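Fit chain B to the supplied structure of chain A, relying on the hints for placement.
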Amino acid sequence: MIYIVDSLNAHEYGDLLDNMHRLRARVFSDRLGWDVKVKNGMERDMFDDLDPAHVISVDNDGQVVGCMRLLQTTGPHMLTDIFACLLDGEPPLRSSTVWEATRFCVDTARLGRGTCRNSISYVTSEVMIGAFEYGKAAGVTDAVAVIDPVMDRVMKRSGNGPYGYLGSPKPMGKVTALAALMDCSTQRIERLREFSGIRHDVFQPQHVELAA
Amino acid sequence: MALNIIDLSTVKSRDENFAIFLDQLCQRLDLDYASYAMVGPFAGTVQGYANYPEPWKNHYIRQGLHRVDPILHKAGRSIAPVDWTRFEKDQSFRSVFYAADDFGITPQGLTVPIRGPYGDRGLLSVTRACPIPEWEKLKAAIVGDLQLAAVHLHDSVMRSSVLSRAFNTPALSHREIEILQWVAAGKQQQDIGDILAISHRTVEVHLRSAREKLGALTTFQAVGRAIGLGLIFPC
Numbered sequence: 001m002i003y004i005v006d007s008l009n010a011h012e013y014g015d016l017l018d019n020m021h022r023l024r025a026r027v028f029s030d031r032l033g034w035d036v037k038v039k040n041g042m043e044r045d046m047f048d049d050l051d052p053a054h055v056i057s058v059d060n061d062g063q064v065v066g067c068m069r070l071l072q073t074t075g076p077h078m079l080t081d082i083f084a085c086l087l088d089g090e091p092p093l094r095s096s097t098v099w100e101a102t103r104f105c106v107d108t109a110r111l112g113r114g115t116c117r118n119s120i121s122y123v124t125s126e127v128m129i130g131a132f133e134y135g136k137a138a139g140v141t142d143a144v145a146v147i148d149p150v151m152d153r154v155m156k157r158s159g160n161g162p163y164g165y166l167g168s169p170k171p172m173g174k175v176t177a178l179a180a181l182m183d184c185s186t187q188r189i190e191r192l193r194e195f196s197g198i199r200h201d202v203f204q205p206q207h208v209e210l211a212a
Numbered sequence: 001m002a003l004n005i006i007d008l009s010t011v012k013s014r015d016e017n018f019a020i021f022l023d024q025l026c027q028r029l030d031l032d033y034a035s036y037a038m039v040g041p042f043a044g045t046v047q048g049y050a051n052y053p054e055p056w057k058n059h060y061i062r063q064g065l066h067r068v069d070p071i072l073h074k075a076g077r078s079i080a081p082v083d084w085t086r087f088e089k090d091q092s093f094r095s096v097f098y099a100a101d102d103f104g105i106t107p108q109g110l111t112v113p114i115r116g117p118y119g120d121r122g123l124l125s126v127t128r129a130c131p132i133p134e135w136e137k138l139k140a141a142i143v144g145d146l147q148l149a150a151v152h153l154h155d156s157v158m159r160s161s162v163l164s165r166a167f168n169t170p171a172l173s174h175r176e177i178e179i180l181q182w183v184a185a186g187k188q189q190q191d192i193g194d195i196l197a198i199s200h201r202t203v204e205v206h207l208r209s210a211r212e213k214l215g216a217l218t219t220f221q222a223v224g225r226a227i228g229l230g231l232i233f234p235c
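Protein chains in written order, with our numbering: chain A, 1 to 212; chain B, 1 to 235.
Heads up, some of the hints might be wrong.
[Claimed, not checked] DEER-style ranges, computed between Cβ atoms:
| hint | chain 1 | residue 1 | chain 2 | residue 2 | range |
| --- | --- | --- | --- | --- | --- |
| 1 | A | Gly173 | B | Glu54 | 57 to 63 Å |
| 2 | A | Gln63 | B | Gln190 | 28 to 34 Å |
| 3 | B | His59 | A | Asp201 | 37 to 43 Å |
| 4 | B | Gln27 | A | Gly33 | 51 to 57 Å |
| 5 | B | Lys57 | A | Cys116 | 56 to 62 Å |
[To be verified] Here are the computed lysine-lysine pairs in the DSS-like style, where the Cα-Cα straight-line distance is at most 27 Å:
| hint | chain 1 | residue 1 | chain 2 | residue 2 |
| --- | --- | --- | --- | --- |
| 6 | A | Lys37 | A | Lys136 |
| 7 | B | Lys139 | A | Lys136 |
| 8 | B | Lys137 | A | Lys136 |
| 9 | B | Lys74 | A | Lys136 |
| 10 | A | Lys156 | A | Lys136 |
| 11 | B | Lys74 | B | Lys57 |
| 12 | A | Lys170 | A | Lys156 |
| 13 | B | Lys137 | B | Lys89 |
Treat the hints as calculated values from the structure; they're not laboratory data.
This one's a predicted model, so the numbers in the text were calculated from it and none came from an experiment.
Idealized CB from N, CA, C, for every residue including glycine.
Chain A extracted, bound-state conformation:
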């Protein structure tokens, strides 16, 4: 299921946030080799102090298996700063109805292939459904997401590739990073649900039926 954790409810989700920062360390530092700060096995940066909202996917065992960080493009965000290079020196978009998504990742070591509950594909879709439904309810219509080519491929394969890109891909650690545009629309959410088979409310816990 998906938890939305921001500065208003962070005090209720201390462990969840710590585990999210651990996942981010494993993905962005260990696997992708980005130049990020890791302390006590947790990856954090200055943007975590700017009251972002985190979209966190938790599996049936209570493990954090996916996450994404959202910030408003009207204020300071990564494309105005750390990721400015991705825009080839151009100023970033600024709109109250466009959010920026960064640190989008899933636990590829824990999740498998295929499309079951514990697959990369399922959790990727679940995080996106959670983020887009959250954005849509907030009146947000589009998101600009900083992603790596693997995530770009996963999204395209799920019939949900970005509708456009800003600037050009730039090397970052062992891979490249790019700024992709996605619509926060009913259509995209429906395509994600169709592809993943996720029909339930992702913000509600699922009761697992145990085989007899």
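Only chain B this time, still in chain A's reference frame:
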């Protein structure tokens, strides 16, 4: 989308017009009351406008409720609009919302937080007394309009301060300028997408960004201002 509200960047006597803006917003979106507060980047100063009844405004100021108001202290830390049911019912909440209730103001409201580039945060709050299902429906219908109104109001208030004006030159990207230039040349969004080999939605998102950076409510206004600033040429 054409917003049928006063364009704050064209008016002189600003305080009065911010109040009219709030009145028009209530009228157009079927709301009871609206208020706006700007928490400045410098020393946390608060500047506000509201169309609440005078007795409530006086009580609020006399009691110094801005010191504890969860709207000012919490809503700005969310990236999404905050329904007031999200606030914990603690002492601060009670001292503001229970008191408001005594003045006939419903605690059913929504605050749309806007963050500016300099650490400034703007909060547009609206209320409407009605059954909960109707409130939910209303919110879903107007939240997009409220986002646009909130950023327009916030940027206008920020721009009206002398210190901020010094910082404020709209930073448009080449793509945004290029698209505005094609709009000025009379091209439709679809055509512009074809010309530049990008999707029409990408054209739209750049246009929206350009409008907000220029403080314009419509694309025509944005073109006018871009010409005025020498960013594009009149065709």
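Are Lys57/B and Cys116/A spaced within 56 to 62 Å by their CB atoms? holds (58 Å)
Compare the distance between the alpha carbons of Lys139/B and Lys136/A with 27 Å, and conclude whether the hinted pair is satisfied. holds (12 Å)
Range hint 37 to 43 Å (beta carbons of His59/B and Asp201/A) holds or violated: holds (41 Å)
With the threshold set at 27 Å, check whether the alpha-carbon distance from Lys156/A to Lys136/A stays at or below it. holds (21 Å)
Hint consistency between Lys74/B and Lys57/B [alpha-carbon to alpha-carbon, up to 27 Å]: holds (20 Å)
CB of Gln27/B to CB of Gly33/A, is that within 51 to 57 Å? holds (56 Å)
With the threshold set at 27 Å, check whether the alpha-carbon distance from Lys74/B to Lys136/A stays at or below it. Measuring from Cα to Cα gives roughly 22 Å; hence the hint holds.
Sort out whether Lys136/A lies within 27 Å of Lys137/B, counting only the CA atoms. holds (14 Å)
Sort out whether Lys89/B lies within 27 Å of Lys137/B, counting only the CA atoms. At roughly 24 Å apart (the allowed maximum being 27 Å), Lys89/B and Lys137/B satisfy the hint.
Is 57 to 63 Å right for how far apart the beta carbons of Gly173/A and Glu54/B are? holds (59 Å)
Check whether the Cα positions of Lys170/A and Lys156/A lie no farther apart than 27 Å. Holds. Lys170/A to Lys156/A sits at ~19 Å (cutoff 27 Å).
For the pair supplied as a hint, Lys37/A and Lys136/A, is the alpha-carbon distance within the 27 Å limit? violated (32 Å)
Going down the numbered hints, you'll see the structure goes against 2, 6, while the others check out.
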